[in-house]
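As a plain string of letters, each chain reads:
2 protein chains.
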Amino acid sequence: MRDVAIIGIGMTDFGELWADSLRDIFVMAALEAMGDAGVDHIDSMYVGSMTPGLFIGQEHLGSMLADYLGQAPVPATRVESACASGGLALRSGFFEVASGMSDIVLCGGVEKMTDVSGAQATYALATAADQDYEAFHGVTFPGLYAMIATAHMHKYGTKREDLAQVAVKNHANGLLNPHAQYRMKVTVDQVIGSVKVADPLNILDCSPITDGAAAVILCPADKVKQFTKKPAVKIAASAHATDTIALHQRKDITWLNSTAVAAAKAYEMAGVKPTDIDFAEVHDCFTIAEICVLEALGAVEKGKGGEATRSGFTARDGKFPVNTSGGLKSKGHPVGATGIAQIHEVVSQLRGEAGERQLGKAKRGLAQNMGGSGGSAVVHILEVL
Amino acid sequence: MRDVAIIGIGMTDFGELWADSLRDIFVMAALEAMGDAGVDHIDSMYVGSMTPGLFIGQEHLGSMLADYLGQAPVPATRVESACASGGLALRSGFFEVASGMSDIVLCGGVEKMTDVSGAQATYALATAADQDYEAFHGVTFPGLYAMIATAHMHKYGTKREDLAQVAVKNHANGLLNPHAQYRMKVTVDQVIGSVKVADPLNILDCSPITDGAAAVILCPADKVKQFTKKPAVKIAASAHATDTIALHQRKDITWLNSTAVAAAKAYEMAGVKPTDIDFAEVHDCFTIAEICVLEALGAVEKGKGGEATRSGFTARDGKFPVNTSGGLKSKGHPVGATGIAQIHEVVSQLRGEAGERQLGKAKRGLAQNMGGSGGSAVVHILEVL
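Protein sequence lines, in the order shown, are assigned to chains A and B.
Our numbering numbers the first residue of the first sequence as 1 and each following residue consecutively.
Our numbering numbers the first residue of the second sequence as 1 and each following residue consecutively.
Don't take every hint at face value.
Claimed, not checked - List time: in silico DMTMM-like cross-link candidates among lysine to aspartate or glutamate, alpha-carbon distance up to 20 Å: (1) 225/B / 24/B; (2) 229/B / 115/B; (3) 265/A / 24/B; (4) 265/A / 222/A; (5) 304/B / 268/B; (6) 361/A / 301/A; (7) 159/A / 189/A; (8) 265/B / 3/A; (9) 265/B / 43/A; (10) 265/A / 103/B; (11) 363/A / 103/A; (12) 185/A / 356/A.
Just so you know, the hints here were simulated from the structure itself, not pulled from any lab data.
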C-alpha cells in the first residue's frame, strides 16, 4: 500500500441551483478539481450520490458523469452509503491509488435535491432510515435525531441552549465561506424561537435541502511534483464502519458506534491520538449530531459534547475548531456531496487557502461523514505532506 | 497485487418472491455463500443493487444488510452501475483482497422488483437510461434495444429468427437450472408469435422482472486451503469500462464499446485470447443484446452474432456455450443480483457442480455484465485454481 495525496479540489456553490442540472454541477466541480491538480485526464472515478433515482429519476450515474466529463471509457463507480456516500467515494478512490492499480483518480459527490417538493425530499431522505421498521411508520430524520437529542438531554443534562450553540457557531463560520448556502449569523434566541420541527429540534437546528457537487483528485504521494506546485495533502487514514440503521436496535442511541469504530481505526492507521488532530469537519446534519460526534470521535468525554460547544472549545478560535466551513448546517447538505465538501474544507485549511476563516494551526485535520442516524460512518485524517 | 480466489457461492431461487423481503433474500444468499466457503465472519462486504430506493423505498443498503447478516460494524459498500451493479460489486471486492487490505470479502447483489407495479418497474429501470435525453421523452429499454435490433438487422442482415433463437437456446438451458424463474422450453414460432413489445422485439425476447439475490466469498488464493476443500476458482481478470448511456451519442449503436474495452482489458490481464475461453455467461437482457455482446467480446466477428446463434456455436453442446444458466432471459433478471448470479454459474461449471447442465470442458469461463444499453460493462475471467 503506497501513500496517497490529494492534489486538486473543486466545488460548486451550495444552494438552490435551479439553472443547472446534476450533470452540469458535477462537471463544474470535477473540472475545477482537475484544473487545480493540473491533470487533463483521469484513470478512474468514484461518485458518491445518495438517491438520484428518487431526486431526479436518474441512476447509472458513474457512466453518465464519466461521459459528460469527457472521460469515458474510464471505469466509473457510483457508491452509496446514504449521507456518507461522499466520504465513501474518497475511501474507494484512496484504496484504488494505494493499491497501485491507478495513479490519477477523481472522487466526487453530488446531489440535486431541490427539483422535487419538500415532501418528496423528506421521503427520499427517509430511505436512509430503516424503511420497514422506521420510515414506513412515519418517522423521518428530524424525528429520529429529536429522539437522540431528548435521550442525550435526559442522560447527560445537555441543555436546549447547547444544541442551539452548535448552530450559532456553524453559521458564524459559514458567514465567511463564499460557497455556503446560508451565510447569516444566528443567535441562541433565534434558534430556540424558530419554528418547531420535532421537539426539541427547531428549523434552525436542521441542515437544509441543497443542490451541490464537490470533487477531489488523488495521486500517489511520490508523484505529486509531476502535477502541481501547491502544497500537497496526504491521506493519513481512511476508515469506514457500519451500525444498525434503525435506532431502536441500538443499546444506547446517544452513542454513534459506527463513528467511534471508524475513528479508532483511523487514529490507529495514522498513528495519532484524538488530541493530535488540529481541527475537524463533522457531520452536523442536526445540531445534536455534532454533539454526539464529538464524543464518538473521542474529542471530548461521553456526555460532554454540549459543554464543549458551550465553552467555545469547538469555536474557530477555540482549542479544537469544528466545522470551520459552516458545516452542513450553514454551508448546506447536498447529501452525496457533503463528504467530499468536508475534504474540500480540510484541504483548503491545510493549504492555507481558507481565506477569512483560515486557522492559525492547521497541520492535521479530520473529516467525519455519516449515513442516516449513524448507520454508517467514514473517517479520514489528512496531513500536510 | 495478490491472486484472489472465490471460495463460496450462494443464491436464492429467482422469481416472484413475495413472501420474503429484500433483506431476507440477501441474507439467504449470503449465508449460503459463507457456509459454502466455511467462514463465519467477513472483513468487509460489497452489495450491488440498482435502485432499491425506487423499488422498495430503501437506500443505505450496505449498512442495513451488514447488520442483518450479523456482521456490523464491518465496512459495507453499496455500488451501483445500473444492471451491471453485481459485476461491479465483485470487481470492488476483488481489488480489496488483491490489494492486501482484507482477506475475507463478501460480494453480493440483490434486487426486489416485484413489490411495485409493472409500470413503476419500467420507470425504475428507465433510470438506467439518460433521463434528460431518453427516458423523459418516453423511451424505455425495450424501445432502446429494439432500435439496436433494427439497426443490426439493417446493417448485417440479421434475421428475426436469429433473435428468437437466443431465447430458444437460453430457455433450453434454464429448463435444467433449479434456480431459474422461467423453466420452460420455447420455440422460434412461439417467440415470433408472442405479444409485441417494441418492434421487432416480442415479450419472449425480453428478460423478466425478478426478485433475487446472489453472493460469493473471496479470499487470497494462497489461503484457500485454510477454509475449504472444494476446488477453488481464481479471478484471472476483472475489468470495467463506460460509454455514453444515451444511444444517440454513439457512432454505431450496434457496437457495445464498453464491453469491447472491458473485454480487451480482461484478456490482457488474464493473458488469454477470446478463443481460450471455454464458455461464457453474458448479459442477454434482450435477445439482441446477446448477439451484440458476442461480437464485442470478440467471440465472433462483427455482424456474425446472429449467425453464431443460428448455427449452434453458442449452444450448450456447441463450440462456445453461452448462458448455460438460462441467462437473464430464462433464469430471470433481478438487476443488481444478475452480475453475481453469472459468477455463481461460472463457478458452478468450473467446480463441476452444474448438474444436468454441466459442460464437458470447463476450465476457464467469462462473465459479462452490462448496465443499461451498454453505458457500462464489467467483464471477469475465472479459472480453476
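So which of those numbered hints doesn't the model satisfy? 1, 2, 3, 4, 5, 6, 8, 11
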